[in-house]
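From first to last, the protein sequence lines stand for chains A and B. So that you can map any letter, position 14 of the first sequence is 14 in this note's numbering, and since no number is skipped, the others follow by simple counting. Heads up, this note's numbering is the position in the second sequence plus 1000, with the first residue counted as 1.
Heads up, a few of these hints could be off.
To give an idea of the interface, some chain B residues facing chain A are shown, with a C-beta separation under 7 Å as derived from the structure [unchecked claim]:
id, residue
1, Asn1034
2, Pro1063
3, Gly1099
4, Leu1105
5, Leu1201
6, Leu1202
7, Ser1221
8, Val1259
9, Val1341
10, Val1343
Per the computed footprint, the stretches of chain A lying under chain B, defined by three or more beta-carbons under 8 Å from a beta-carbon of chain B, are [claimed, not checked]:
id, region
11, 9 to 23
12, 29 to 41
13, 53 to 59
14, 64 to 70
Derived from the structure by calculation, the hints contain no laboratory data. The beta-carbon is built from N, C-alpha and C at its ideal position, and this holds for glycine as well.
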Amino acid sequence: METFITFLSENQLMVYLVILMIFLGIELIEKVPSVLHTPLMSGANAIHGVVIIGAIIIMGQADNIYATVLGFIAVVLGTLNVVGGFVVTDRMLEMFKKKKK
Amino acid sequence: MQQHILNIIYMLGSVSFIFGIKMLGKPESAKKGNLIAAVGMGIAIIGTIFLYESNGKGLTNYPWIFGGLIVGTVIGTLMAKKVKMTGMPQMVSFFNGMGGACAALISLVEFNHLSHEADFTDAEPTHLIIIFLGLVIGSISFAGSMIAYGKLDEKIKDKTLPLQQVINIGLLLVILGIAGAASFGFFDTPNVLFLILGLSLLYGVLFVMPIGGADMPVVISLLNSFTGVAAAMGGFLYDNKVMLFGGILVGSAGTLLTVVMCKAMNRSLTNVLIGNFGGGSKSTGESKSISGSIREVSISDAAVLMKYSKKVVIVPGYGLAVAQAQHVCHELEQTLEEEGVEVKYAIHPVAGRMPGHMNVLLAESNVSYDKLVEMDDINPEFKTTDVVLIVGANDVVNPAAKTDPSSPIYGMPILSVEDAAHTIVMKRSMKAGYAGIENELFYNPKNRMLFGDAKKTLTELVSELKNI
């Protein structure tokens, strides 16, 4: 129990951030037309690709074969998530380009 | 100094994610929003590579980092560019799984660091909890997304084990129990990590396996928010604000999006997760037998019927997309308009495989945006419609959703096509739809069936219309 209390107190800023982020995420999504659900899901999918930063860090600090191999795979998979996610979303959103008035 | 610049870059990245998601929520700004988030992500990645420092040491292994980035970029771009519009949902699921796997790998390596330096049981329990959570959530998201991908691609069938829900809940408790005990040093072998990995992957598979195909979009959205949370664990691990920011933002927005999608289909989340929609519904189908006979119509009769109508509504479904018939469908619409017939498209919120999927497909074949009418706006119009042409859609026009409480789709909002004077259902066979249930509309005296491949039949219909 004590470890948790210390953890929360030491990471106050991060915990505040998490709470605010949760509410912000909810605010941002409300009242979105259903036409946009799929592109929005796909866009959010690309954004959680930010996990690539962790992969780059472990790759850049790798000093043994285990970390190097897993780190490399992690960078490739993370990049797939980011690049693939944004490109797919972009293709979906083509439909709104030539909207007729 | 370097560290401060990186912090500012992360701030810009985080703000770009907020603007990106906000702008993705409006049709006019969606494309720009996606671009802004992508640029923010790009600078955060480049900034990390060149400016990241830990204990005064920068990153090394540049060839590996850039090698990985290039390989991922090439494969990702090719896959995303090559996939057909009909395959979009499984592509999203696939990329989501990649993110989950990435988060799990980060945990594996970080744990390895801990157990190499000293006995891992000496580490802070909170630190271990974060590593284990990243591993568990990432693996579940990876395994689940791959199953969802296989299901949407029709490579994997629905399967339900006896007592599936009990097994699932039990397994989840076991995973959390082991991970919790390991965090507080109750296991002294580092191999406990692989046990947790294995069980989490198994749980991911069992979690998605029994959920029916029609509910897959909801599941993907949920797994999407899981990956967000897994990414946020990485944020805690490296005290990295942009990872935390992006991860939690997607986690919470994704959860709400899941709930909103459930609402659009008029189902609750628990119902989706526990209700075994589609998968185990075969027994309920017997509760109400459908009587009557089906009547077929010839192509020329169908053409005459439509030509002398005032108003025709086309209901496109996934069958249209599979047959790649959206272009011919647009041609049919133009031919009818030349004859002075008013043509509209009725778009059910979940037409296709995901909300908004059908709009994307039709827009691709140049159907004008204002001809696509959403369900709530078109439903009152069916009373004044002469002919409704249903192309490859099934469950979204099944009146059982309104009349038969024992039906698995009961309560789902549907298109009230039975209000129209005539309906023509274009289908390949009498096979049941995605939810695996019979459709009483086919037996309605006002309905006619037009069997055949959607593209071929539509082409014949267009040439017939031009000949009359």
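- request: May I ask you to test the interface hint for Leu1201 of chain B with respect to chain A, counting a Cβ-Cβ separation under 7 Å as satisfied?
  value: Check failed: Cβ of Leu1201 of chain B comes no nearer than 15 Å to chain A, outside 7 Å.
task: Verify the interface restraint on Val1341 of chain B: the C-beta must sit less than 7 Å from at least one C-beta of chain A.
output: 20 Å, violated
message: Interface hint check: Asn1034 of chain B, Cβ to nearest Cβ on chain A, cutoff 7 Å. Holds or violated?
response: 5 Å, holds
field: Closest C-beta approach of Gly1099 of chain B to chain A relative to 7 Å, hint status
entry: 4 Å, holds
query: Minimum Cβ distance from Leu1202 of chain B to chain A below 7 Å?
result: This hint is violated: Leu1202 of chain B lies away from chain A, its Cβ roughly 20 Å from the closest one there, beyond 7 Å.
query: Close enough to count: is the Cβ of Pro1063 of chain B nearer than 7 Å to one in chain A?
result: At 10 Å from the nearest chain A Cβ, Pro1063 of chain B fails the 7 Å test, so the hint is violated.
task: Would you settle whether the hint for Val1343 of chain B is holds or violated, based on the nearest Cβ-Cβ distance to chain A being less than 7 Å?
output: Violated: closest Cβ of chain A sits about 15 Å from Val1343 of chain B, beyond 7 Å.
message: Is the interface hint satisfied for Leu1105 of chain B? The criterion is a beta-carbon contact with chain A at less than 7 Å.
response: 4 Å, holds
Annotated coverage of the region 29 to 41 of chain A by chain B, confirmed only when three residues or more have a Cβ within 8 Å: holds (count 13)
task: Go through the hint on Ser1221 of chain B and say holds or violated, using the shortest Cβ distance to chain A against 7 Å.
output: Cβ of Ser1221 of chain B sits 5 Å from chain A, so the hint holds.
query: For the region 64 to 70 of chain A, does the count of residues with a C-beta closer than 8 Å to a C-beta of chain B reach 3?
result: holds (count 5)
Per-stretch coverage check for the region 53 to 59 of chain A, three Cβ contacts closer than 8 Å to chain B: holds (count 7)
Hint compliance for this structure: hints 2, 5, 6, 8, 9, 10 are not met, and every other hint is.
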